[in-house]
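Engineer: Please build the complex by placing chain B on the supplied structure of chain A, with the hints as guidance.
Just so you know, the sequences run in chain order A and B. Counting with the numbering used here, you get residues 6 to 115 for the letters of the first sequence. Counting with the numbering used here, you get residues 7 to 119 for the letters of the second sequence.
Just so you know, these hints were derived from the structure itself, not from any lab. The beta carbon of each residue, even a glycine, is placed where N, CA and C say it ideally should be.
Capping the alpha-carbon separation at 30 Å, the derived lysine-lysine pairs in DSS-like fashion look like this:
1) A:Lys-62 to B:Lys-28
2) B:Lys-43 to A:Lys-76
3) B:Lys-74 to B:Lys-100
4) B:Lys-48 to A:Lys-74
5) B:Lys-43 to A:Lys-70
6) B:Lys-48 to A:Lys-62
7) A:Lys-22 to B:Lys-48
8) A:Lys-70 to B:Lys-48
9) B:Lys-77 to B:Lys-43
10) B:Lys-43 to A:Lys-62
11) B:Lys-100 to A:Lys-76
12) A:Lys-70 to B:Lys-100
13) A:Lys-23 to B:Lys-48
14) B:Lys-100 to A:Lys-74
15) A:Lys-62 to B:Lys-100
16) B:Lys-48 to A:Lys-76
17) B:Lys-77 to A:Lys-62
Distance ranges between label pairs, derived from CB positions:
18) A:Pro-66 to B:Lys-118: 36 to 44 Å
19) B:Asn-73 to A:Leu-16: 41 to 49 Å
20) B:Glu-89 to A:Glu-6: 19 to 27 Å
21) B:Asn-59 to A:Thr-18: 46 to 54 Å
22) A:Ser-72 to B:Glu-21: 45 to 53 Å
23) A:Leu-16 to B:Gln-51: 21 to 29 Å
24) B:Ser-32 to A:Pro-66: 18 to 26 Å
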Amino acid sequence: EAQVTQNPRYLITVTGKKLTVTCSQNMNHEYMSWYRQDPGLGLRQIYYSMNVEVTDKGDVPEGYKVSRKEKRNFPLILESPSPNQTSLYFCASRWEGGYTFGSGTRLTVV
Amino acid sequence: GENVEQHPSTLSVQEGDSAVIKCTYSDSASNYFPWYKQELGKRPQLIIDIRSNVGEKKDQRIAVTLNKTAKHFSLHITETQPEDSAVYFCAASKHNQGGKLIFGQGTELSVKP
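Next up, chain A with everything else stripped away, as it sits in the complex (with noise of 0.2 Å):
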């Protein structure tokens, strides 16, 4: 089956430990992007990859980092996690047509 996997799906931790959600597709799609969704702003995307060691800043990079090792996954990098990355998380890739998204990770930092 075609998807996009991300985990963990809930995280709670606390300001400045270091955490790693996990996105990996099976789609061999090239191009891969995160997308943060909160209350009133809609998805706004942190950080999109169009291909192996190809990535760059979204709308929303600041607190995050990413890599892009290998075509199917695409992790997100919180360094010293704080309370305003508290979030509702959504990875995505895409070829043709729309993106197919994640399930999600809701983090929440303490």
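Structural biologist: Quick look at chain B alone, frame taken from chain A:
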């Protein structure tokens, strides 16, 4: 930069009525326009899309229309049902393959039985 405006932000209809959500885009080079439905606590799911070489597309109770001259596109849902209640997002892209989607702010649709 590229922008997509979506209206209304909330919409309440009676079961069986029609619902219309409208979006405008700023970049005339945009050529791909998908619509997503997001149920509470779930991921956005693609429900219909349209490309710039087509003016209208239908899939059962949902349809999308595109006016390239005016740079706007709309989602039409007929014979609404309570299970249509969700947040709907429009999006636009300059790329048919890969590339960034620019999303509207979303419309929360409520269908009352």
